[in-house]
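Student: Based on the sequences and whatever the hints tell you, model everything.
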Amino acid sequence: MKVMELMERVGDTRTGVILAYLKDGLKELNRISEANINEENINLVLNQRFYNLPRDMVKVLDIRVKNHLNTKDEYRSIPRMIGNPFVPDSDNT
Amino acid sequence: MASAKEYAYYIRGNQVAILQKDTTSSSGGLNYEYDPSAGIELPTSGGTWKSPLAAVENGLQIEYTHEGAWEYITKSTHGLYDEADDAGVLKFRTKASHGDQTPLYTAGHKFLVRNSENFSGLHEAVSSTFSTYTTITTNTKVKGKSVAGIFTDNVYSYYDIDVLDDEDSIIPVNSYQGLALVYYIKARLMEDTGDIKKRDFFMAQFHKMVEQDNSSKIYGARSIAPGPNAIR
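If you're matching them up, the sequences are chains W and R in order.
Note that the first sequence covers residues 9 to 101 in this note's numbering.
Note that the second sequence covers residues 308 to 539 in this note's numbering.
Some clues are possibly wrong.
Keeping only pairs whose Cα atoms sit at most 25 Å apart, straight-line, the calculated DSS-like set for lysine-lysine is [stated by the list, open to error]:
1. W/Lys67 / W/Lys31
2. W/Lys10 / R/Lys417
3. W/Lys31 / R/Lys448
4. R/Lys515 / W/Lys67
If you are wondering where the hints come from, they were derived from the structure by calculation, not from laboratory data.
Tutor: So, in C-alpha cells, the structure goes:
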C-alpha cells in the first residue's frame, strides 16, 4: 500500500501530519506485533560489558552470542540475568 | 575449533550488558577466597560472571523489530569507518580498495548504517568526496570527536533504501496491516479533535486487526490436548 492510498482512506490531505502519525503507527504495530524484523551483529570487546541497543529498535526479540554453549560457531540465545552480578565492570561504560 | 562459552545478559537503559562466566577454577574449589591479612572474600574466578573475557568479531547478535520507516533494497559491499570533524559532524569513509563511491552518496541521499555500535540508523549525506577513499559527510551531529577507523568491516550501509518520506512511498507492511494503520491514523486524528469516544473505537479496531493478522499466520486446527493426569 502506498502512502497516497492510505491518505485517501483516511480522508486527509496533510502529508506531513499523516506521515508523522504513520510512523507512530508503525512503531506501535512493531511493538505489539512483529512486522519489520532486523538483525544486528556487534563485535564483542574484551572487558567491555555494555553495548548500545540499535537506535531504531522497538522491541528486542532475541539476544544471541556466538559459541554460547557450543563449539560450532553457532549463535544461540543467551539467558537474561535476574539482578546484576557482584563483579562490577571495570569502567561501567 | 572455538571453545564453548557461557553468556548471559541484562538490560541497562538503552544498553545491553553482556556477561561471560569465568570457568577458571578457584583455589581449592571453594566458593570463597581466604587471605589471612584480608580475611574472607568472594572469589575472583571459579564460576563468577564477568565482562566478556575475550573479543569476538560479530559475537553479539540482536534480533529486534524496528520502526519500519524504511525498506532495504541494496546492501553495500563496502565497510564503513567513522570520523568526526571539529564541528562535531559525523563522517563516514570507505576503504581505499573500494574505489570511488561518491555516485552512491550524493547530497540529500539517505542511507542506513548497520552493525555500528554507536551510529546505526538513518543518515543523510550532505556531500561526498573521493581522494584515496570516499568520505561521506552527513548532517548527523556527534558529541565530541570520535576516533577514525574504529569500525571494522562488518559495519556497512544500505545505500539504496526506500524511506517513508512522501506520498509515493510504499508502506513496508502487508496490506492487512496497512488497513490496520488506517484505523490507527483515524484514531490519532480523532484524538486531535478531542473526540475520545471515536478515538477509542478506532484504536480498538486497530488492535483487533493487528490481532487478526497475527492469528491468520497460524494455520491448522487449534486444540488443547488433555494432560496425562486428566480424568477420562
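Student: Compare the structure with the hints numbered earlier in the document and write down the numbers of the violated ones, lowest to highest.
Tutor: Per hint list: zero violations.
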